[in-house]
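These protein sequences, in sequence, are chains H and P. Position 738 (the first sequence) corresponds to 738 in this note's numbering; numbering is contiguous. Position 95 (the second sequence) corresponds to 95 in this note's numbering; numbering is contiguous.
Be aware that one or more of the hints could be misleading.
Below, simulated EDC-like cross-link-like pairs (lysine to aspartate or glutamate); rule was C-alpha separation at most 16 Å, straight line [as the list claims (entries may be wrong)]:
hint	chain 1	residue 1	chain 2	residue 2
1	P	Lys62	H	Asp132
2	H	Lys675	H	Glu721
3	H	Lys833	P	Glu50
4	H	Lys304	H	Asp281
5	H	Lys562	H	Glu593
6	P	Lys65	H	Asp896
7	H	Lys909	P	Glu84
8	H	Lys909	P	Glu72
9	H	Lys304	H	Glu363
10	H	Lys37	H	Glu25
11	P	Lys65	H	Glu898
12	H	Lys833	P	Asp93
13	H	Lys908	P	Asp87
14	H	Lys833	P	Glu84
15	P	Lys65	H	Glu895
16	H	Lys36	H	Asp104
17	P	Lys62	H	Glu25
18	P	Lys62	H	Glu898
Stretches of chain H that chain P covers, calculated by requiring three or more beta carbons in the stretch to come under 8 Å of a beta carbon on chain P [what the hints assert, rightly or not]:
hint	region
19	655–665
20	840–846
21	881–893
22	896–902
Keep in mind the hints are simulated off the structure, nothing from the lab. Source: prediction; values computed, not measured. Positions of the beta carbon are idealized from the N, C-alpha and C atoms, including for glycine.
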Amino acid sequence: MFNLLKFAAATLLPVVFAVFFYHLEKKPSFLDFPHKKRQLIIGLAFGVLTIFANEFSISSGGVPMNVCDAAPLVAGLIFGGPAGIIAGIIGGMERWFAVYWGADIYTRTACTLGTILAGFLGAAVRKYMLDDKKPSWVYGLAMGITAEVMHMLLVFLTNISDIAQAFSVVKICAMPMITANGLSVMLSALVISRLGKEHLRKAENVQNISQTFQRWLAVCVLIAFACTGFLTYTLQNRLANNSADELLLLNMEDVRNDINEASDRNILNNAKEIALHTTIDTTSEELVQMAETYGIAEINLIDKNGIIIATTYPDFLGYDMASGKQSSTFIPLLKGTKSIVQSYQPTSFDPSLSRKYAGVAIEGGAIQIGYDAVQFQADIQTQVMDTVRYRHVGQDGYIVICDENWNVVRGKSGESTIQLTPIDTDLIPENTRYIGELYGENTYCVYTKAEGYYIITALPQSAAMFNRDIAVYILMFMEITVFASLFALVYFLIKRLVVDNIREINRSLAKITGGNLDVTVNVRSNEEFASLSDDINSTVVTLKRYISEAEARIDKELEFAKSIQHSALPSVFPPYPHRKDFEIFASMDTAKEVGGDFYDFYLLNDDRIAFLIADVSGKGIPAAMFMMTAKTLIKDFAESGMEVNDAFTRANAKLCEGNDAGMFVTAWMGYLDLKTGLLSYANAGHNPPVICRKDGTFEYLRTRPNFILAGMEGIKYKKHELQLFPGDQIYLYTDGVTEAQDVNNQLYGEARLLDVLNNNRTSDVTSLCKAVHADVDVFAGEADQFDDITMLAFKLHFLKNGGTLTVSPDMASVSYVTDFLESQLEKLEVPMKVANRIKIATDEIYSNIVRYSGAESASVHCDIKKTTLSLIFRDNGKPYNPLENDDPDITSSAEDREIGGLGVFMVKKMMDSVEYEHTDGWNVLTMRMNI
Amino acid sequence: MTIEKIVNGSVLTMNIGGRLDTTTAPELEAAIDASLAGIEELTLDLEALEYVSSAGLRVILKAQKIMNAQGEMKLIHVNETIMEVFDITGFVDILTIE
Numbered sequence: 001m002f003n004l005l006k007f008a009a010a011t012l013l014p015v016v017f018a019v020f021f022y023h024l025e026k027k028p029s030f031l032d033f034p035h036k037k038r039q040l041i042i043g044l045a046f047g048v049l050t051i052f053a054n055e056f057s058i059s060s061g062g063v064p065m066n067v068c069d070a071a072p073l074v075a076g077l078i079f080g081g082p083a084g085i086i087a088g089i090i091g092g093m094e095r096w097f098a099v100y101w102g103a104d105i106y107t108r109t110a111c112t113l114g115t116i117l118a119g120f121l122g123a124a125v126r127k128y129m130l131d132d133k134k135p136s137w138v139y140g141l142a143m144g145i146t147a148e149v150m151h152m153l154l155v156f157l158t159n160i161s162d163i164a165q166a167f168s169v170v171k172i173c174a175m176p177m178i179t180a181n182g183l184s185v186m187l188s189a190l191v192i193s194r195l196g197k198e199h200l201r202k203a204e205n206v207q208n209i210s211q212t213f214q215r216w217l218a219v220c221v222l223i224a225f226a227c228t229g230f231l232t233y234t235l236q237n238r239l240a241n242n243s244a245d246e247l248l249l250l251n252m253e254d255v256r257n258d259i260n261e262a263s264d265r266n267i268l269n270n271a272k273e274i275a276l277h278t279t280i281d282t283t284s285e286e287l288v289q290m291a292e293t294y295g296i297a298e299i300n301l302i303d304k305n306g307i308i309i310a311t312t313y314p315d316f317l318g319y320d321m322a323s324g325k326q327s328s329t330f331i332p333l334l335k336g337t338k339s340i341v342q343s344y345q346p347t348s349f350d351p352s353l354s355r356k357y358a359g360v361a362i363e364g365g366a367i368q369i370g371y372d373a374v375q376f377q378a379d380i381q382t383q384v385m386d387t388v389r390y391r392h393v394g395q396d397g398y399i400v401i402c403d404e405n406w407n408v409v410r411g412k413s414g415e416s417t418i419q420l421t422p423i424d425t426d427l428i429p430e431n432t433r434y435i436g437e438l439y440g441e442n443t444y445c446v447y448t449k450a451e452g453y454y455i456i457t458a459l460p461q462s463a464a465m466f467n468r469d470i471a472v473y474i475l476m477f478m479e480i481t482v483f484a485s486l487f488a489l490v491y492f493l494i495k496r497l498v499v500d501n502i503r504e505i506n507r508s509l510a511k512i513t514g515g516n517l518d519v520t521v522n523v524r525s526n527e528e529f530a531s532l533s534d535d536i537n538s539t540v541v542t543l544k545r546y547i548s549e550a551e552a553r554i555d556k557e558l559e560f561a562k563s564i565q566h567s568a569l570p571s572v573f574p575p576y577p578h579r580k581d582f583e584i585f586a587s588m589d590t591a592k593e594v595g596g597d598f599y600d601f602y603l604l605n606d607d608r609i610a611f612l613i614a615d616v617s618g619k620g621i622p623a624a625m626f627m628m629t630a631k632t633l634i635k636d637f638a639e640s641g642m643e644v645n646d647a648f649t650r651a652n653a654k655l656c657e658g659n660d661a662g663m664f665v666t667a668w669m670g671y672l673d674l675k676t677g678l679l680s681y682a683n684a685g686h687n688p689p690v691i692c693r694k695d696g697t698f699e700y701l702r703t704r705p706n707f708i709l710a711g712m713e714g715i716k717y718k719k720h721e722l723q724l725f726p727g728d729q730i731y732l733y734t735d736g737v738t739e740a741q742d743v744n745n746q747l748y749g750e751a752r753l754l755d756v757l758n759n760n761r762t763s764d765v766t767s768l769c770k771a772v773h774a775d776v777d778v779f780a781g782e783a784d785q786f787d788d789i790t791m792l793a794f795k796l797h798f799l800k801n802g803g804t805l806t807v808s809p810d811m812a813s814v815s816y817v818t819d820f821l822e823s824q825l826e827k828l829e830v831p832m833k834v835a836n837r838i839k840i841a842t843d844e845i846y847s848n849i850v851r852y853s854g855a856e857s858a859s860v861h862c863d864i865k866k867t868t869l870s871l872i873f874r875d876n877g878k879p880y881n882p883l884e885n886d887d888p889d890i891t892s893s894a895e896d897r898e899i900g901g902l903g904v905f906m907v908k909k910m911m912d913s914v915e916y917e918h919t920d921g922w923n924v925l926t927m928r929m930n931i
Numbered sequence: 001m002t003i004e005k006i007v008n009g010s011v012l013t014m015n016i017g018g019r020l021d022t023t024t025a026p027e028l029e030a031a032i033d034a035s036l037a038g039i040e041e042l043t044l045d046l047e048a049l050e051y052v053s054s055a056g057l058r059v060i061l062k063a064q065k066i067m068n069a070q071g072e073m074k075l076i077h078v079n080e081t082i083m084e085v086f087d088i089t090g091f092v093d094i095l096t097i098e
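Assemble the whole structure, with the sequences as input and the hints as a guide.
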């Protein structure tokens, strides 16, 4: 009981150690150690455990048993090769020296080697078969068993000269040790795999090749093992039985022959002796006398006709010897045969009576004598004993001789008086092997009857089967080792030649499908994989070529599309070089080759310009196509003379038709009357434009937008109006500007847009747009442009309404006024002399307004009524009548001349009339000239 | 406006075309300022000039003042309109017009 507990403890300790170190390995503090150090620690610990197992060995039938191979195996399989090897070597060395303090010396070498081997085995299996992963319990069990079987084989190998003793040791310890080691490793693996929830080597639902292969290989190996095991056992069993039979029968035959011979000689001698004293005339009384003298049961005298003529048994008188089968045997005596001996058998006369007869021919007949068994057995007892005394059946067999009543005459080791259990001779015929219990053990027996004796040759079963058992054990152990090695080797080869290659190819393929077409598959370890690699590579190359061709084609087409899209937008700036009354600039920078944004502007007539900006949902080709439609529709409706809101309403209705793709457009469009400065606009869900009044700052023009275009049928768009003045600017943009992102995904935003616009509000519109774009670029930095960036800037310089020009009086406006008058004078066909005077007057008066009036607005009017040309200047500056000034001195020397006042003086001199009035806050200077 | 300068040693001829008014006067002024150093004889050829306003008169006056100090200045090919301006403003008295 104590031994059993010790054995169980030694079996379970590796499991406990495994759990402990499994948890330790999860601890960060332990993981801080380098890998080598951790392996060393675990190896030492399991080495100590192995020593412990060595010292914990129990003895059964004088044979030591322990669980010393489990610890190195667990260390190697579960924790890593080095740990297993270290543990194995420590345990093995200790086992070698343990002999000095009482360990079994007989298994010293085997146990030492076995333990070291277990460590290496665990390490090798983990490395080459498990891919350095923890084993499943099946592997644990298989490894535990295999290692222990090899250990047993080592016991045989190291004691090859004394195989019988080796076998007796192995026979006792094999099963417990194999079981214990197998269980120990299996439990360790099981507990660890459950702990880690690592369903080891079975991560996917679909089994991988190596798993399927492993399974079938295991099945095949097990079937092969079972078949060869069964065959071996059967064959060896048959061989053992045959040799036992042969041995038993041969010996039995010898003994029977000896007994028969002795008995025959004995009766024949007696028969001859009696024949000497007998003639054909001897009477029955004389025969009785002789029978008594010689101690013979029966004497018969037979005449030449085979009839008993004298006998010790009166009943036999007149019996015809030829009438019975047994008795007829003696007929040949009457025909020349000298003597005949018959074996002990039932008589023909009375089959219930057995006798041994001998006959000798005499003059004129024959004499026959018969013995009862008791009588002749006494005579041949000594000879029988001698026959058996020096006879052995094999090494451990023996012969038992019993009399007819199963009283042992001669036993296993000499005379005996015991009685054997009678054998049912009907059930077990003679010369047939049966298993009986003799001397307390199962024994192979064969019996025969001879001369009233039962001769039994016996061979203890254990002895008979000893060779069979040795052969079966060794063969089985060899087979386990061989099949395990075969399994490992085939599995390793398949893994190495097929599975690893497939994995390698899959890794490359994963990269390729991941988009990296520059990866090549390069598995060249065998022809099949080399050819597969080549095929994959050439496929990829072809694919790459197709892709690059397709890309080139698409790039080319996109390039075309881009140029079509861009050429659809007005892209020559300034677009109307002859028009000075406004400035316009727009740009579109698409995120992809083509985009969904667009801008547009066109003169609806000489006095009205339309400009718009729009953003189609989405990007790329679909957006670009929708954009073209939207742009064309809006332009068509706008140019057909519709108001801005009506153009949107109609465009929306058209765009909604067949818009299966569910695209939509946000748009802002304005019409500006260049005579009056009235801006009418509509907003279809677009970002608010930014307006900058002259001398003011940019501000968002927030009016409630209508719904997007193409979003819903039947939308009526609303018209808004705003009065613009010369010098006002308006900036339109798409959300690509305000929603541009930087690397941190921050949005550019409306505030930042307003800042950059205000910082550049005095620039021309081209510079303004470029400044915004540059600022967006700086903001976005490395971040990819996400959306199309589109903008349009418009600046109103002056309003021209017939003969009146309205401007904002600044230096830039001087040229507008000059140009206006020049064209106006030309139109009115004013003679050059007059025209020059008008121009001089205009220069003098208007430059004064610009410099000194402080007006926000000014206008100049020029027309001819009949023969009078009128030139009228108006400004809303401070009230000032230039006519009130004194005329300048025009006679002083050059050095003393003043220029001030000269201009007005010139005007007064050159014009026929000059009048000033101040009405409603306006200075009005009217000049007339007759032509 | 157009300004063409022909320098011949200390003799400078400037051909002035277009119109000489508020807008263009600063241009001529700058041209004169840059050219007059070491010039003893300045000729302003006004053949291509359409008209002159008071702003132009100021520049011409300035040139005259400079040339008074370092040599002499004359205007040639003065058209009717310009002549009228010079008349009205009394510039005929202080300029040498040929």
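Tell me if the straight-line CA distance from Lys908 of chain H to Asp87 of chain P falls inside 16 Å.
14 Å, holds
Are the Cα positions of Lys65 of chain P and Glu895 of chain H separated by 16 Å at most?
Between Lys65 of chain P and Glu895 of chain H the Cα gap is close to 6 Å, so the pair holds against 16 Å.
Take the C-alpha atoms of Lys833 of chain H and Glu84 of chain P, compute the straight-line distance between them, and say whether it is at most 16 Å.
Holds - the C-alpha atoms of Glu84 of chain P and Lys833 of chain H are around 10 Å apart, at most 16 Å.
Between the alpha carbons of Lys62 of chain P and Asp132 of chain H, is the straight-line distance 16 Å or under?
Roughly 101 Å separates the two Cα atoms, so the pair is violated.
Confirm or reject the coverage of the region 881–893 of chain H by chain P under the rule of 3 or more residues with a beta carbon closer than 8 Å to the chain's beta carbons.
This one holds; 3 residues, not fewer than the three required, reach chain P with a Cβ under 8 Å.
Are the Cα atoms of Lys36 of chain H and Asp104 of chain H separated by 16 Å or less?
35 Å, violated
16 Å Cα cutoff - pair Lys65 of chain P, Asp896 of chain H:
Measuring from Cα to Cα gives roughly 10 Å; hence the hint holds.
Three residues or more, CB to CB closer than 8 Å: is that satisfied between the region 840–846 of chain H and chain P?
holds (count 4)
CA of Lys909 of chain H to CA of Glu84 of chain P, is that 16 Å or under?
10 Å, holds
Has the given pair, Lys304 of chain H with Asp281 of chain H, been kept, meaning a C-alpha gap of at most 16 Å?
12 Å, holds
Proposed proximity, Glu721 of chain H with Lys675 of chain H (alpha carbon, max 16 Å):
15 Å, holds
Take the region 896–902 of chain H, compare each residue's beta carbon with every beta carbon of chain P, and decide whether three or more fall closer than 8 Å.
With 3 residues closer than 8 Å to chain P, the region 896–902 of chain H meets the three-residue bar; holds.
Checked against the numbered hints given earlier, the structure breaks hints 1, 8, 12, 16, 17, 19 and satisfies all the rest.
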